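Visitor: The listed protein sequences correspond, in order, to chains A and B.
FYI, in this note's numbering the residues of the first sequence are 4 to 198.
FYI, in this note's numbering the residues of the second sequence are 4 to 198.
Keep in mind that the hints are not guaranteed to be accurate.
Just so you know, same-sequence chains aren't split out, so a pair can sit in one copy or run between any two.
[As the list claims (entries may be wrong)] In silico SDA-like pairs for lysine to any residue, Cα to Cα no more than 25 Å straight-line: (1) K62 <-> R110; (2) K62 <-> A102; (3) K62 <-> D149; (4) K62 <-> E101; (5) K62 <-> R140; (6) K62 <-> G86; (7) K62 <-> I41; (8) K62 <-> P87; (9) K62 <-> I129; (10) K62 <-> V130; (11) K62 <-> L145; (12) K62 <-> D18; (13) K62 <-> R42; (14) K62 <-> T40; (15) K62 <-> A186; (16) K62 <-> R88.
Simulated from the structure, these hints should not be mistaken for laboratory data.
Computed from a predicted model, the values in this text were never measured in an experiment.
Next come the chains, spelled out residue by residue.
Protein chains: 2
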Amino acid sequence: MAQTRGRGRPRGGTDSRSRILAAAVEAFGETGYEGATIRGIAERAGVDPALVHHYFGAKADLFAEAADVPLRPDVVVPLILAGPRAEVGERIVRYVLEAFADDGVRRRGVMLLRTAVGGRAGSPLIVGFLARELLPRVAGRLEVPDARLRADLVASQIAGLLMIRYVLRVQPIADAPIDELVARVGPTIQRYLFD
Amino acid sequence: MAQTRGRGRPRGGTDSRSRILAAAVEAFGETGYEGATIRGIAERAGVDPALVHHYFGAKADLFAEAADVPLRPDVVVPLILAGPRAEVGERIVRYVLEAFADDGVRRRGVMLLRTAVGGRAGSPLIVGFLARELLPRVAGRLEVPDARLRADLVASQIAGLLMIRYVLRVQPIADAPIDELVARVGPTIQRYLFD
């Protein structure tokens with residue numbers, strides 16, 4: 004995962020843009036926003052740095068593009084909170100862990116966690132997303148007292164789980180089966196939301 | 004918090020070393036390991052970069068010194084796990100949150116979280132501490148099946164709580180009273196450990 008250049012992928016042509024984007028996700032994910040450089044990303048992608056600037060402009064623009072997660076809270080939140088109330092906690096944990104089982108989602112998610120926590124660049128993005136998009140939407144549908152604090156508590160457990168399992172990769176939780184984690188963490192989420 | 008230089012603290016003299024260390028904790032905490040520079044840290048501390056090198060050597064050495072947390076798992080873990088078993092979860096949450104209420108501990112803790120998650124420098128340190136020092140010690144005293152996974156789950160909730168409350172500072176959890184968080188999160192830790 005550390006080195007992707009030199010894998011013999013084709014150079015130039017129409018896929019340069021997507022190679023640059025994949026390299027950016029990797030680089031931001033490994034070293035955080037501050038540590039990643041246009042030069043290093045270009046090298047990973049096997050292109051000239053000028054081409055990175057050509058397609059994406061400055062580092063901040065490239066990051067914004069790389070961080071563009073297709074998570075739509077207005078679609079996902081109602082979907083998860085619908086269905087039997089007693090299983091909402093387990094559904095949330097399962098939804099997140101199954102999403103992260105996908106390589107592309109996981110790489111992008113790790114990148115976002117790293118940059119959100121690691122420096123200045125990602126924090127406003129993540130905090131803005133959590134505080135203005137995701138959590139109020141969850142809270143708005145709960146119909147319980149202290150809904151906003153409950154949503155924060157859910158975020159704390161999910162964020163910590165992703166951090167220990169996927170970013171720090173502490174064992175045995177890094178390789179624990181999804182079903183086991185759903186069974187252990189689901190009741191926590193359920194209690195934060197409704198008890 | 005962003006700018007500490009120019010606060011009119013005395014320059015030179017015997018406290019240069021501790022000023023540099025405090026500046027390093029702040030700088031690593033704000034920008035992560037990769038983003039912090041000896042030059043920037045020297046500027047915050049109001050000293051010449053050569054003095055930083057003189058006292059601490061390279062950036063990696065300065066980081067190691069700044070990250071030297073006085074947390075002794077061999078002392079703390081038995082202390083917390085002693086006492087009534089039914090209250091262990093609450094005691095763990097209270098211990099951590101009360102420790103973080105201290106400015107110095109919080110700054111250092113935020114620095115470690117940021118560097119652990121944000122880049123390469125802190126990760127081995129934090130992962131090593133969690134995986135070799137803290138978690139096996141907790142697990143070793145539990146006398147329950149799957150003790151190591153349980154310890155990981157506890158770490159995930161505590162890490163996520165610290166991240167959302169102190170690093171990302173999402174409201175309302177960032178300003179929630181310690182007692183309220185002990186009451187809400189304590190039972191989670193209790194369940195992960197013993198249920």
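Visitor: Taking the hints in turn, state whether each one holds.
Guide: Cross-check of the supplied hints:
| no. | hint | verdict |
| --- | --- | --- |
| 1 | K62 <-> R110 | within (18 Å within a copy, 28 Å between copies) |
| 2 | K62 <-> A102 | neither (27 Å within a copy, 37 Å between copies) |
| 3 | K62 <-> D149 | neither (39 Å within a copy, 44 Å between copies) |
| 4 | K62 <-> E101 | neither (31 Å within a copy, 39 Å between copies) |
| 5 | K62 <-> R140 | neither (31 Å within a copy, 43 Å between copies) |
| 6 | K62 <-> G86 | neither (42 Å within a copy, 53 Å between copies) |
| 7 | K62 <-> I41 | both (6 Å within a copy, 23 Å between copies) |
| 8 | K62 <-> P87 | neither (45 Å within a copy, 53 Å between copies) |
| 9 | K62 <-> I129 | within (17 Å within a copy, 28 Å between copies) |
| 10 | K62 <-> V130 | within (20 Å within a copy, 29 Å between copies) |
| 11 | K62 <-> L145 | neither (39 Å within a copy, 48 Å between copies) |
| 12 | K62 <-> D18 | within (20 Å within a copy, 38 Å between copies) |
| 13 | K62 <-> R42 | both (10 Å within a copy, 22 Å between copies) |
| 14 | K62 <-> T40 | both (7 Å within a copy, 19 Å between copies) |
| 15 | K62 <-> A186 | neither (41 Å within a copy, 43 Å between copies) |
| 16 | K62 <-> R88 | neither (44 Å within a copy, 51 Å between copies) |
Consistency note: the structure conflicts with the earlier hints numbered 2, 3, 4, 5, 6, 8, 11, 15, 16.
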